[in-house]
Every structure is written in C-alpha cells, then in structure tokens.
Amino acid sequence: MAETSVSHAHETHEHGTDGNLWDGGKEPMKASYGKLMMWYFLVSDAFTFAGFLIAYGAIRFSMPTWPEPDFVFASFPFVKAHWPLVFVTFMTFVLIFSSVTMVRAVQEGHRENKRGVVFWMFLTILGGATFLGSQAYEWTILIKYENVSVNRNPFGRYIADGVMVDESGKEIMVNGAPVNVKKDESYLLHGHEHDGNVALEKKYVRYTSGAYAGQTHQVEEGPKAFGALFFFITGFHGFHVFSGVAFLTIIMINAMSGLYAARKNGYEMVEKIGLYWHFVDLVWVFVFLVFYLL
Amino acid sequence: MAAHQSYEDQKKLVFYGLKLLGIITIVEVVFALFAKGHIVPSITFGKDGGFGQALYMLAMIGASLYKAYFIVFFFMHMSHEVRGLVFSVLLPLLLLVWAIIAFFQEGGRWGAAREQIRQKNQEVVQPAPSAKPTGYWLNGTMKG
Numbered sequence: 003m004a005e006t007s008v009s010h011a012h013e014t015h016e017h018g019t020d021g022n023l024w025d026g027g028k029e030p031m032k033a034s035y036g037k038l039m040m041w042y043f044l045v046s047d048a049f050t051f052a053g054f055l056i057a058y059g060a061i062r063f064s065m066p067t068w069p070e071p072d073f074v075f076a077s078f079p080f081v082k083a084h085w086p087l088v089f090v091t092f093m094t095f096v097l098i099f100s101s102v103t104m105v106r107a108v109q110e111g112h113r114e115n116k117r118g119v120v121f122w123m124f125l126t127i128l129g130g131a132t133f134l135g136s137q138a139y140e141w142t143i144l145i146k147y148e149n150v151s152v153n154r155n156p157f158g159r160y161i162a163d164g165v166m167v168d169e170s171g172k173e174i175m176v177n178g179a180p181v182n183v184k185k186d187e188s189y190l191l192h193g194h195e196h197d198g199n200v201a202l203e204k205k206y207v208r209y210t211s212g213a214y215a216g217q218t219h220q221v222e223e224g225p226k227a228f229g230a231l232f233f234f235i236t237g238f239h240g241f242h243v244f245s246g247v248a249f250l251t252i253i254m255i256n257a258m259s260g261l262y263a264a265r266k267n268g269y270e271m272v273e274k275i276g277l278y279w280h281f282v283d284l285v286w287v288f289v290f291l292v293f294y295l296l
Numbered sequence: 197m198a199a200h201q202s203y204e205d206q207k208k209l210v211f212y213g214l215k216l217l218g219i220i221t222i223v224e225v226v227f228a229l230f231a232k233g234h235i236v237p238s239i240t241f242g243k244d245g246g247f248g249q250a251l252y253m254l255a256m257i258g259a260s261l262y263k264a265y266f267i268v269f270f271f272m273h274m275s276h277e278v279r280g281l282v283f284s285v286l287l288p289l290l291l292l293v294w295a296i297i298a299f300f301q302e303g304g305r306w307g308a309a310r311e312q313i314r315q316k317n318q319e320v321v322q323p324a325p326s327a328k329p330t331g332y333w334l335n336g337t338m339k340g
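Protein sequence lines, in the order shown, are assigned to chains A and B. Read the first sequence against our numbering and you will find it ends at 296, with the numbers running on by one and no gaps. Read the second sequence against our numbering and you will find it ends at 340, with the numbers running on by one and no gaps.
Isolated chain A, as found in the complex (with noise of 0.2 Å):
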C-alpha cells in the first residue's frame, strides 16, 4: 500500500528552486509551509497565554494580600502531611519526560524509523495522560475538599498582627493562651456543608497592628480573583496538552499505517505535533514559575 503512493510530497520540495522567488514552490525561510504556520499559530498562543499571566501579575499586584503558593498547593496523594510544592514538581516532571520522549520521536522520525516514532510518541501520550490525571487530583482537592471556586476562595493571608476573638470579641483560649496570629501568615477557612450549599466557618480576630489596630473584623476570604485566575489558566494549558494528546493519538495511528513512511518526508507530521508538544511544555515553565514559585 505504501509503495503505489510513493513521494508525490517530495517531489514538489524539490522544483522551483531558480527563478522569482514568488512564482511558488520555493520555501521561504527554509521550513515548509506547515512548520512555518505552526510557529506562527504558538507565536500568537504565546500572546494569548502571556495575556493571562500578566492580567495574573496585574491583579496580583493590585491587592494587599494574596494568598501563598506553598501554602495553597502542599497536597499529595495518600499522604495526610503538608508538603509543599511537592506534587507540582512531579508534574513538572512529568512533561519534560513527555518532551524528551517527544524529541525523540522526531529523531526517530528524521531516520524513517517507524518503530522508533511509534515507540516514543506513545510514551509521550502517555506523558500527557498522566499530566492530565494530576491536574485533575489538584483541582479535585481545591475544589471538593478546600472549597476554592471560581468565585469563592478561603486561602487568605492576615493583613496585621492581631488575636483570635469569638463574636462578641472574647478572647479565645487554648490551653490557657490567646491565639496570636501575624501579618502575613496564612489562613484556611474551611467550608461546611449546609443543605447542599458550602459555608465557610465565621472566625473573628482583633488586629493589634497596622490600619485596623484595636478594631475586630471577621476573618474574610482572600482575593476572589485567585480561583478564577488559577482555574481559567490552569485549565487553558490543560487543555492545549488535552487537545495534544488527541493530536499525537491521531498522528502516531497515522504513523503506524505507514501514511508518513510513503511520504518520505522524514516524518514531518510528527515534527510539527513535536513543536506543539515543547510549546504546551514551554508555557508550563512559566505557569509554573508565576503560579507555584513567586
């Protein structure tokens, strides 16, 4: 089958290479059409991302307080402790294997080794999978277990030192000794179902320091932007590396019938996802760095 269909792609690189420079055929810069088109498309995804995760920065820095990564990621599956930045760093992880597998795959590729494209793009897949299955874990957590929404988000850092009240603002005792908290430190308010809606527990604190000194306020949730910022951007890269799953599915099925081997382009197709994939990888560099590090 592979052999009735053979280099018809091929063919059309090669003529044209003299005369005007527009009448076709000729590829200019040296990449093909398709290369080309796809660093143009990451070109403009690289402006959508980097939109959000300065409207991220810009929100970010128009607030008092905003609440601390170590403190907001620090789940890790089966395990009860704290343990910050540990499971995100797998993740991490996790797609520079897929990467590297990826790049791989293009190696392979420029050989005309088909089972060499096969092996290593499913392995990427499976890299992106298992991306995807942590994502899921993370949101679950956030969203079912500590009860961060789109609109609600009960991580909040205290703006001033200050002393846990109840209502009436009585000092409240454990073992004998106020509960002092400091600026900055963060908070957790945990929710409580009530008739299948969530409700977040009422702490009160008299603040001892900085604007609100001697006034007793109700402990609020933090910045409401931070659920929608994280779950909108999150989920944005989630689904670039869903649909590049998809993609890589389609084209190493492709590559297994033998429809890039009759080509005999070196595997330009895988070339091209391979782009995708390091730009999906790419802008989780920075999602991490913006999200989890700073």
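Simulated from the structure, these hints should not be mistaken for lab results. By construction, the Cβ of each residue, glycine as well, lies at the ideal position given by its N, Cα and C atoms.
Far from chain B, some chain A residues (derived; all Cβ distances over 10 Å):
| # | residue |
| --- | --- |
| 1 | F121 |
| 2 | W141 |
| 3 | Y147 |
| 4 | A201 |
| 5 | K266 |
Computed list of lysine-lysine pairs in DSBU-like fashion (alpha-carbon distance at most 35 Å, straight line):
| # | chain 1 | residue 1 | chain 2 | residue 2 |
| --- | --- | --- | --- | --- |
| 6 | B | K316 | A | K172 |
| 7 | B | K207 | A | K274 |
| 8 | A | K274 | B | K208 |
| 9 | A | K172 | B | K243 |
| 10 | A | K32 | B | K208 |
| 11 | A | K37 | B | K215 |
| 12 | B | K243 | A | K146 |
| 13 | A | K82 | B | K243 |
| 14 | A | K184 | B | K316 |
| 15 | B | K208 | A | K266 |
| 16 | A | K205 | B | K243 |
| 17 | B | K316 | A | K226 |
| 18 | A | K266 | B | K207 |
| 19 | A | K37 | B | K207 |
| 20 | A | K226 | B | K243 |
| 21 | A | K116 | B | K208 |
| 22 | B | K208 | A | K37 |
| 23 | B | K215 | A | K116 |
| 24 | B | K243 | A | K184 |
| 25 | B | K207 | A | K116 |
| 26 | A | K32 | B | K207 |
| 27 | B | K316 | A | K204 |
| 28 | A | K28 | B | K208 |
| 29 | B | K316 | A | K185 |
| 30 | B | K215 | A | K266 |
| 31 | B | K207 | A | K28 |
| 32 | A | K205 | B | K316 |
| 33 | B | K215 | A | K32 |
| 34 | B | K316 | B | K243 |
Assemble chain B onto chain A, guided by the hints.
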C-alpha cells in the same frame, strides 16, 4: 533535514536536556522552599515583601527564562532555523516587555485607588460649624 549532527550527538543532546531541565527545576523548588522558610524556619527572605523577595523573584524568573531558551533553541530546533524565521518569531515577543511594564504599573494603581476609596469611606464628615449663609443669593451664585 536537521542533519547537522550525527544521530549519536542528537541522542546525547536529548539526555543533556533532560538532565539540565530536571536539575534546574529541582534547584528552583528547593530554593523556593528554602527562601520561604520551609527548610530553615527563620529564613523567609523569599516573602519579606522587600529587597529579599525581589531578588528571589528575579532568580526564579531568570531560571525559567533559561529553561524556555533551552526548550525553544534545542528541543524545538530553533538553532537550526534560518535567521529570518528566528527573528520573525522572537522579535514580536519583545512587545510583551512593554505589556508587563504597563500592566503591572496599572495593577499597582488599581490597588492604590482601592486603598484611597477605603480610607475615604472611613472618614467621618464633620458638619460645618455654621450652616447659615452669610451673604445673599443672586442668580444662583452667592455674593459677599
């Protein structure tokens, strides 16, 4: 295409990339935990809201930019593309420099405006000592 290196060299580059990205990531995370007091509780310069935090953020941004450079130039083979392609992809991204400056400035301003509104809302307005006008009214303007 991309036959600039032997197959063995290419494979070496891949594992070099794996090591490089892995090590930078581990260093970043350990440094983040260190700077935020998870390793030595008394060291918290990574969240002091001042010079220490700025330095910490710069280090993190630098490491991430290096990872991005490595992925684009070696995993995506940008280093093998012709100059025109490289510039047509990278130069437009310089617009983001201004976007970052402008929007962060704007964000800071939103915060300042919100704080001003909060303070104004707390102000207690004293009634004027004498509410009686001392002059006389003519055509809607007060004279004298």
